[in-house]
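Residue numbers (our numbering), protein chains in the order written: chain A, 1 to 426; chain B, 427 to 573.
Think of the hints as simulated: they come from the structure by calculation, not from any bench. Keep in mind that a hint or two might mislead.
Unchecked claim - Taking lysine-lysine and the DSS-like style, the derived pairs with C-alpha atoms no more than 30 Å apart in a straight line are: (1) K108/A with K561/B; (2) K61/A with K460/B; (3) K219/A with K142/A; (4) K482/B with K561/B; (5) K465/B with K108/A; (6) K61/A with K482/B; (7) K561/B with K61/A; (8) K561/B with K305/A; (9) K465/B with K561/B; (10) K232/A with K243/A; (11) K460/B with K40/A.
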Amino acid sequence: MANMVLTPEQQAILDGEKGETLAKVMKTLVRYGETFGAEKMVPVTSEYGHLVTSFGLSVMKPVYALMDQLIEGGALSGQKFSVDPRPIDKHVPAGFLQNTVFGIMYSKQADYEKQLETLGLLNHDAFTCTCYMPEVGNEPKKGDVLSWAESSAVVYANSVLGARCNRNSGILELFGSIVGFVPYFGFLTDEGRKATWIVEIKTTKKPEAQILGSAVGMKVVEDVPYLKGLSKFIGTTLDADAKAYLKDFGAATASNGAVGLYHIEGLTPEAAEQGENLIAKNAKTYVIDDAELERVKASYPCIWKDPNAKPKLCFVGCPHLSIKQLHDWTNALAVALEQNGRAKVTIPTVFTSALAVQEEFRKTPDYQKLTNMGVVLSYICPLMYMNNPLCGKQPVVTNSNKLRTYTSARYHTDAEILDILSKGGN
Amino acid sequence: MSTTFKGRPVVPGSVTASALVSHSGFNTLASFQKALMFKDKDAKCSDQNNPDLYGKPMHGTALCLPRTIGSTTGGMVLYCAAALGQQPACMLFSEPIDSLAAAGAILADVWTDVSMPVVDGLGDGFLAAVATGSKVEVKEDGTVVVD
Numbered sequence: 001m002a003n004m005v006l007t008p009e010q011q012a013i014l015d016g017e018k019g020e021t022l023a024k025v026m027k028t029l030v031r032y033g034e035t036f037g038a039e040k041m042v043p044v045t046s047e048y049g050h051l052v053t054s055f056g057l058s059v060m061k062p063v064y065a066l067m068d069q070l071i072e073g074g075a076l077s078g079q080k081f082s083v084d085p086r087p088i089d090k091h092v093p094a095g096f097l098q099n100t101v102f103g104i105m106y107s108k109q110a111d112y113e114k115q116l117e118t119l120g121l122l123n124h125d126a127f128t129c130t131c132y133m134p135e136v137g138n139e140p141k142k143g144d145v146l147s148w149a150e151s152s153a154v155v156y157a158n159s160v161l162g163a164r165c166n167r168n169s170g171i172l173e174l175f176g177s178i179v180g181f182v183p184y185f186g187f188l189t190d191e192g193r194k195a196t197w198i199v200e201i202k203t204t205k206k207p208e209a210q211i212l213g214s215a216v217g218m219k220v221v222e223d224v225p226y227l228k229g230l231s232k233f234i235g236t237t238l239d240a241d242a243k244a245y246l247k248d249f250g251a252a253t254a255s256n257g258a259v260g261l262y263h264i265e266g267l268t269p270e271a272a273e274q275g276e277n278l279i280a281k282n283a284k285t286y287v288i289d290d291a292e293l294e295r296v297k298a299s300y301p302c303i304w305k306d307p308n309a310k311p312k313l314c315f316v317g318c319p320h321l322s323i324k325q326l327h328d329w330t331n332a333l334a335v336a337l338e339q340n341g342r343a344k345v346t347i348p349t350v351f352t353s354a355l356a357v358q359e360e361f362r363k364t365p366d367y368q369k370l371t372n373m374g375v376v377l378s379y380i381c382p383l384m385y386m387n388n389p390l391c392g393k394q395p396v397v398t399n400s401n402k403l404r405t406y407t408s409a410r411y412h413t414d415a416e417i418l419d420i421l422s423k424g425g426n
Numbered sequence: 427m428s429t430t431f432k433g434r435p436v437v438p439g440s441v442t443a444s445a446l447v448s449h450s451g452f453n454t455l456a457s458f459q460k461a462l463m464f465k466d467k468d469a470k471c472s473d474q475n476n477p478d479l480y481g482k483p484m485h486g487t488a489l490c491l492p493r494t495i496g497s498t499t500g501g502m503v504l505y506c507a508a509a510l511g512q513q514p515a516c517m518l519f520s521e522p523i524d525s526l527a528a529a530g531a532i533l534a535d536v537w538t539d540v541s542m543p544v545v546d547g548l549g550d551g552f553l554a555a556v557a558t559g560s561k562v563e564v565k566e567d568g569t570v571v572v573d
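Excised from the complex, chain A in its bound form:
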């Protein structure tokens, strides 16, 4: 393993001059970096951090004990941070027994949130997986070095914003925010950002973002893909539509594989600047056409006890929806319901987004329109909801490939979800 050369400031922390706890934090980061050949630590330059662990899950006692140890040792975060979504929202449909289980499962939630406040939580509402939404305010700049872990946020920050962050684990990302340094390797380096796969899009229509991401993730796993042929469907400007598409695409690449960075020809910042110079020598090629997307979608297993069951709940918004997506879904749903002679959705439906995004959305007429159709707007993490064994047994449908991957929820395209919500059936 490489021997890292530390600055006097970093060495002093490692040597315990700022206390034993900080020394252990630094030791962990140094060993982590040396495992991947890092020869130095570099400053975290983003204004804010972001933590993946948002849940006070009672079985995670060692994590909370470690947090106490950090607090007692004065090892607080040097930057304020946002956190992934809360696991519980009373507005999301759940029965008495399900709520009882939630109470047991997440019994540490209040205590954990107090720990987060002490460590450096940005504000009481800073719980979302899409912290990079302008309304939330944790949007890194191009070239910023981050210490984040949430996979969908890391891949978005690297790819769409041009920030630099490795696919860190929970806890490690907090350690980086505490000492203000992260080991220099992987996606932090120019070499680590080169594409080792060329993905050629040869579909006849705009690919469903969630299936395209799934196909790419499954194929390239943890490598960096460079996508050609997508700009003709989503444009060459990073507008609200393109960003929303890439958010969902990226989350699918990161959960169906382990992608932490992708480039889109003519669109994402580094691809727009460097073009094919970003492609490494001997890069492999993956061609995606309509048949390939069909094959990938057909490969998803349905693990419901009764595969023909009528859905009982629908989640849209994993990762959390942007304000543009909230408007688009509201209007698309209104049209679909009208076409089918209905006023309300056929099954309980939850749209999820950051509280700051909701606050802006509530100021618009679309909010009333959405709630009038029977849709619940929530800040919950659908994945945490589905981790409740009683909730996980329900037939739940979603347009999220991430939620499909980690839970029993069944994936449907956006159009299929609209059909289910407006016509019923399965």
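On the provided structure of chain A, position chain B as indicated by the hints.
Here is chain B on its own, set in the frame of chain A:
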């Protein structure tokens, strides 16, 4: 007849244990989720997508795997398993270790009293040679002997 493989000790240590082999990526969260939730000291694997491991006890085994996959909470989950005494005796990777597993292994080593040697880069031949139930000896320098 025994076969010897040489890898890199990510967390050095020596141990002898019975092998538990996953030929596909090891999903740390999915595998340990139920063991953590139900305080299962044997740490039976709860990942239904992993036919090699599903339902088998992981605690105290020489867990042989290509790499870990899944949620970026993976390192934290591995740390929790170690802190609660549910960890494997060692983790032996055929591929270079991934960032999530490395984080978990190092967190367990620095922040708990548990000894869980971790060796990576053992090569594809390692997973071809080792079978669940094989006796595996791990040495400080990353040498792994499969009986």
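Broken hints, numbered, in rising order? 1, 7, 8 and 11
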